[in-house]
Amino acid sequence: QVQLVQSGAEVRKPGASVKVSCKASGYSFTDYYVHWVRQAPGQGLEWMGWISPNSGVTNQAQRFQGRVTMTRDTSIGTVYMELSSLSSDDTAVYFCARDGEPSGNHYWFDPWGQGTLVTVSS
Amino acid sequence: DIQMTQSPSTLSASVGDRVTITCRASQSISRWLAWYQQKPGKAPKVLIYDASTLESGVPSRFSGSGSGTEFTLTISSLRPDDFATYYCQQYNSYSPYSFGQGTKLEIK
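Protein chains in written order, with my numbering: chain P, 15 to 136; chain D, 3 to 110.
So here's chain D without its partners, still in its complex pose (with noise of 0.2 Å):
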């Protein structure tokens, strides 16, 4: 099974940061990863999928990099709304699915 391994597990930041959240993968996944944002007793959201492409309607301060075993998304203008927890989720193998234990993002 792929082991996905999300860092930080935690992170405090202000409003108007740049943020930087890392997923590494236990073995190469091409770029079949995806983020997901998730709040307090909601669904999570798809952010980003194909590890770079933006979901239609997702703000363009939302990106995604990588390929193989290493990934990030970046939010670069940190807004209110965006303090959350996120997830990153690799689809390469067909069986099974697997996510990254989160990241929760707090207010610094």
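Next up, chain P with everything else stripped away, as it sits in the complex (with noise of 0.2 Å):
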């Protein structure tokens, strides 16, 4: 079946960097957008940014360009978010997600990882 598997808890410091992975299994992985969505403790989702694992464009939202780094390894099917500078409200479960459809336009989000928690705390 589809599923995306992402890497273990986190905690850092802060301003330091850390690295989330989210291994994809049960299709194509170079055919369809993941994306990257973070939510802080109780509250919503926040759009991070998404890559093609095809070609490995990647394209951020505006309050993470800069800080935020997505990568691709299609050998082992797996995407990367690393983010940089952390600070206290870099605290949240960040989710891996994949397009609902193929190709790059724009779709539902279709399936999620199941979640990695960073902590960041001095």
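Hint data in this document are derived by calculation from the structure and do not stem from the laboratory. Glycine included, each C-beta is placed from N, C-alpha and C at the ideal position. Treat each hint with caution, since some may be false.
Between beta-carbon pairs, the in silico distance windows are [stated by the list, open to error]:
#1 P:Tyr41 x D:Val60: 16 to 24 Å
#2 D:Gly70 x P:Gly29: 38 to 46 Å
#3 D:Ser28 x P:Asn73: 25 to 33 Å
#4 P:Pro116 x D:Ser11: 32 to 40 Å
#5 P:Thr88 x D:Val17: 46 to 54 Å
#6 D:Arg26 x P:Thr133: 29 to 37 Å
Join these two chains into a complex; the hints should help.
Here it is in structure tokens:
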């Protein structure tokens, strides 16, 4: 079945960076864009950006530009999201999510990874 | 950027009730809208996409309607498993995507 499996919880100090992985299975990895969405404790969903696993092209929400890097490794069907210059405001669960349809047009997100809790604390 | 506003923020209802959640976009998004259900500690799950298309496997008591700037999610007869938080999401503009702030559906 189509599945996205994310790496485990992380704890970082302010100013550090974190890299979260998202391994895809059950479908053609390069055919579907993958998005990153985060959710602060008790808050709503915030879209961060997407990556095309085929070309490696990325697009980030303006508020994360310069601080987030999205990459992929097609040999192992995995995408990565690295967030730098962390502050306590970045404490959140980070989700990866696949486009609902292939081809890179604008689509809903389905399925989602299970989420990765990133805690930023001194 | 397109802002999405959901109402109400919290909804108290009983098993068997019919409930409706509204989502308004700050500008027209045609029918590029999805609804998600999220339970505590879990990832969101898509219920409806393209405003009114029911995702495979989702019970038919869920339905969506609307176009342009106003959309609704209706649950025709609440089941105990439906108490969760619901989010709308627009995917009209290629960048950036945006979500509503969420509606928490509570047991009355």
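query = Tyr41 of chain P and Val60 of chain D, beta-carbon distance inside 16 to 24 Å?
reply = Once the Cβ atoms are compared, 20 Å apart, the range 16 to 24 Å for Val60 of chain D and Tyr41 of chain P holds.
Verdict for Thr88 of chain P, Val17 of chain D (Cβ pair) under range 46 to 54 Å = holds (48 Å)
inquiry  = Within 38 to 46 Å: is that where the Cβ-Cβ distance between Gly70 of chain D and Gly29 of chain P falls?
reply    = Between Gly70 of chain D and Gly29 of chain P, where Cβ atoms are some 45 Å apart, the hint holds.
message = Does the beta carbon distance between Arg26 of chain D and Thr133 of chain P stay inside 29 to 37 Å, or does it fall outside?
response = Given a distance of about 34 Å, which is inside 29 to 37 Å, the answer is holds.
Hint check for Ser11 of chain D and Pro116 of chain P - Cβ pair distance inside 32 to 40 Å = holds (35 Å)
task = Confirm or reject the claim that Ser28 of chain D and Asn73 of chain P have a C-beta distance inside 25 to 33 Å.
result = Once the Cβ atoms are compared, 21 Å apart, the range 25 to 33 Å for Asn73 of chain P and Ser28 of chain D is violated.
In the structure shown, a violation is registered for the earlier hint numbered 3 alone.
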